[in-house]
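Please dock the two separately framed chains into a single complex, following the hints provided.
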Amino acid sequence: MIAEQGALSATTNNVANVNTAGYSREQAVLVASDPVVVDPLTFGTGVTLQSVESIRDPILESQIQQQTQSQGQFSTLASALQQTQVNFTSSTGDIGTAISKFFDSINQLSTNPSDLSLRQGVLTAASNVATSFNTTANSLTRQQTSLDLSVVQQVGQINQLTQQIAQLNVQVSNLQNVGENAGTFIDQRTRAIDQLSSLVDVSVIPSDNTLTLITANGAPLVTGQKSFQLQTQLNSSGLHDVYSQGADISGAITSGQLGGTLQARDQEIPAISAQLDTLAAGLANAVNGVQVGGFDLNGHAGTNLFNPPPVSGVGAAASLSVAITDPALIAASSDGSAGSNGNAEAMYALNSQAIIGGQSPTDYYSGIVFNVGNGAANASAEQTASSLVLQQLNDQRAAVSGVSLNEEAANMVQYQDAYSASAQVITTINTMMQTVINMKTS
Amino acid sequence: MRVNPNPYSDILAAVAQTQQQIFSDEQQIASGRSVIVPSDNPAAAAVLVQNADQTSQADQFQRSIGSIQGAIQNSDAALSSVTASLKQAITLGVEGANGTNNSADRAAIATQVQGIQSQLLSLANLSYQGNYVFAGTATQTTPYVFDPNSTSGVTYQGNTGVNSVTLGNHFSLQTNLPGSQLFSASGGDVFQSIQDLITSLQSGTGIDTAVTELGAASNHIDAQRVFYGNALNQMSAQQTYLSTETTQLAQQQNTAGGADLTSVISNLTTAQTSLQATLAAVGQTAHTDLFNYLK
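The listed protein sequences derive, respectively, from chains A and B.
Heads up: the first sequence at position 378 corresponds to 378 in the numbering used here, and the numbers run straight through without jumps.
Heads up: the second sequence at position 41 corresponds to 41 in the numbering used here, and the numbers run straight through without jumps.
In isolation and in its complexed conformation, chain B is listed as follows (with noise of 0.2 Å):
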């Protein structure tokens, strides 16, 4: 049978296909990514998409739950600083309805606790980032005011308003209360008892009801501050989930597009060898013919 007698084009074909899959090999090794266009795996490609998306969803969920703690921290904290004030008003209020004392002591006693009811506003207003925390989604607005015309002494200038943050898939947090539902709940209203008690200890009656109310008001913060708690724990369990999902993520990046070096390396090492061997191949045994043996 009479084969082609001139193979070269073949041969430079077969090298130049070696040559191909090393360089596709070197870019490999040398990125250790084994999808580098959406052709080289237009499946994965796709996979990797969504997973880029979904890591850098996870990366912000992190950031947000970042920004948003310290805001709940802070509430918390001004809300045990509002109990801890309650207490020594109740503390005050005791000791101001026991009946050695003259109406010039308890006007004294009173100013104390007027001293405390500016501490309280104080802490009902704070304000963390340029945001009164406790003033609804009404965040630009002081929330208390002093307003003599008022039964309790202030005046409630923020809204009802709540906000809730997507910290995951699936999953949201309400991250504030409202002032109103805090400082002004009926059977629980700090401003209410604190001025009725100012009032009381002027009078010089109706102290102990006074001092009843405080404590209302006392367990009513320390039972709305289960939910700042609960949020802090959220997020810190959001948080660990968070970082096992990004490290799962990263998992499932590196099988969708990572390059296997030990195949990578493998194949590379082959190509090379079948290269060399081609070339050498060619190199022996390409030019003889009849011509060179007629003399």
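Pulled out of the complex, with its shape left as it was, chain A reads as follows (with noise of 0.2 Å):
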């Protein structure tokens, strides 16, 4: 009866566990106690609660860390992705405009070069291209800074995380080592090591009663009852790297939402920022070219109409900025009478030459957008395909420890019964006994 109710017991904590997050059920185990063997009979001498043990396979919780992992990396790429589109969605102040609006401002001079207000034109539309590029290098920047900042938080929540889980590894050798069921403290382990896959790539090592988690590399996050801490350094180019016992790890972290902001702060967005530079410095390069090769309106030599990109281009983008102020220094002439339009329609043909590796401007831009467009929508694609299979996995881990109800109601009713059943052979063996002590005393 004690073994029945013990069993209950297990059924009644499963109920009261069924909204626990990462609770795995519990099951009583009944044996039959050892026979007594009174010779040439063997009697059974009843039912023991051997032990109540949690339902857990082990192998779909660690196909599911590792799920989570990947799914941890495509949702923040994913994230950071959608953002960094923004800058490059089709509106009035996009670079796309701006440089489309530049040439038609130079096409309109053309008409009549000697005009001031359309040369004031082509200075404000010059200005815009300027103004185009510094807004979306500066965006891309502050995107990269505030990722730099998700770096750090998400370092801090990787030691918290294996800091705790350290501890219950402690707690968890302490209970098996006297033979009892760590089951709690192994689902919260479990829970902890499910949220640190998603924040970074770890490979779970089990050894007997505890466990070492180490990261893709090798790095060493727990071992048994010592976690190691990360830590995050600022290098040259003023973001924090992540280092391990010493050693610059972050470009090993290729998983979870560390590994995928690491991917979106130090390779996407550098890759969109270097295309940016290539087109600012390749336009601002070109229409130099041309306008010093021309006349301005009072028939002095052209001068630079942007100043110059930094020469390895890097930053073109961001400090692309016009030269001049004089609408007059616009070298529309090309034979250096106030008349001639002959460099403005040079500089206008610059439109539809592949000035820009080997592309027009136009094209070269269309090329980035399609890139980031292109990036955002495979990092999405692989989110929602990874929480597909994070979903199916979290399902069968469900079916296998889950609390059902029904279940639990049955076994209730099972366990009722067997009690009353038991109840009802000591009620009829203490009426037999009754009778033998009435036989006695009648």
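Check each hint, because a few of them may be wrong.
Label-pair distances were calculated between CB atoms; the ranges are [said to hold, decoys possible]:
1. B:281 x A:421: 53 to 61 Å
2. B:260 x A:181: 56 to 64 Å
3. B:9 x A:416: 25 to 33 Å
Simulated from the structure, these hints should not be mistaken for lab results.
Cβ atoms here follow ideal geometry from the backbone N, Cα and C, with glycine treated the same way.
This is the structure we're talking about:
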């Protein structure tokens, strides 16, 4: 009867934890007690509640952890790139529109090259081109800075979780060393590892009563009862690198939210920035090249329209600016006379010339838009796919470990019936005993 | 087989996905566009960037044509007046050649021809929107000034430069003829012939030669006017072409990035029905288990 009562308490615990995240259902393990042999008969001695064990599938759990890592990576990457692509959505102020308007203004100037208001129009359009590059480049830099902040925060969360897991390791091994069910602590530890998996690529190496966690490149996070903290350190670009045991492991973290954040911060956004720099520098250099080959309204040789971009091109988009403020200085003339538009025509022709990486400015820009959109679309698709897989794995885990109220109700009835039956047996024995006792007294 | 006893998280995920679909459909309907951010369709987004650039160019070409047309029409009209003036001078020349005229009569006619010479000078110095249209590219310099030391009576101060303006992809139009080519061409020199007429009327000799020269100059101007007529015709044809191109670009834009409203609305209806069905099913079935029946 005590065994049945114990089994019923497992059911009670299951029902109580029906909504507890990460809880694995417990099952009472009832075994028949050792029989007593009274020659020549063997008598059963009843039932013992041997243990209460948690039902879980370790292989499924390791798959969930892996899938959680890619889900964390792609969801972070997707949300970063979704944010990036807003800068490349067609609007009145985007780079593509600004470049179109700039060349439009030159075409208009070409119809009346000595007109000061048309010249002013070109200057304004050139300044809008510079502003659109500046705004987009700065927005990418801001995003990089905010991703950098995420790196620091995520490393903090990782450290907190590894500390927690090390403590749970202590509790689990303490209980298991004395042969107790450490199910609740294992559930908590599994949940902490799931959370850790969402942050960083982590491999679980189980050992007797405890486990070791390492990152993909082998940097230790938890060994047994000890956790190893990750550190962040500023690098020369003003961004934080992730260090483990004094070694920079930033490049080796490829999965989890931290992996996704680092990928967006160190690869995706810099790649887009580099393309913007190429476009800004290519356009500015080409326009300047034509400008110095012509003559301004006063018949003087032309000077740069844009301040020359850095020779390396790095930072060209962020620093692009117009060099002149006097509209008369636009070198529209090819022969030195005020009414000549030959050089304005040459400048307009840049519009369709392969001046940037073998492409016209607009074609190159449309390539950037494609890359940005494609990156965001791919990351979103990967995120959706890994979410679906993760959802299925979680379903499978719930099928194994989840608490079913129907099952618990059935178990309860079963244990209750067994309890009643045992009680009935005792009542019967009691009646028999009474009969024997009454025999003697009567 | 044991199944997941708590499917709520799956149901919520499905509901969230349907709601996302509804949101995206509604956004498409509201904007009329299927590509709102580049990731909606990266290839179409790239096409739309180029399409926007080409549309902007076509609009600009139309504006540029509008700007050029005025100058060319005014130039052509001025040249028309030049031929009229030359015809008038020829008439005066023929009249002056009549033997009944004495020198005083011829001097009076010469004075009239000098008036025509002034008219021609002012026509050759036509200015449109602040630019001398017959000065070559030296549009800020008065092209012709009286010059008593010159045999033609005038000096050309402009240059021989011409401008061309891009008015379409692979279409560039020359927009001016320099005054030297129009009014000072050998074998059709307007100012030389008018000066010769004045001189011959004053001297009484060589009037017929001068009249012949004037006829040649008038023919020359008429021939040059073909340039302006052609330019106007070409611009008008280009305007038609550009408006066709703009229409095509708008169609391309719609194909690449316009929302297909029929299918979007159909998707939206399906998504809404699915959402309602999911929620109704959950509401009706989800909360029954064996505990409800144990009394």
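The hints, checked one at a time:
| no. | hint | result |
| --- | --- | --- |
| 1 | B:281 x A:421: 53 to 61 Å | violated (40 Å) |
| 2 | B:260 x A:181: 56 to 64 Å | holds (60 Å) |
| 3 | B:9 x A:416: 25 to 33 Å | holds (31 Å) |
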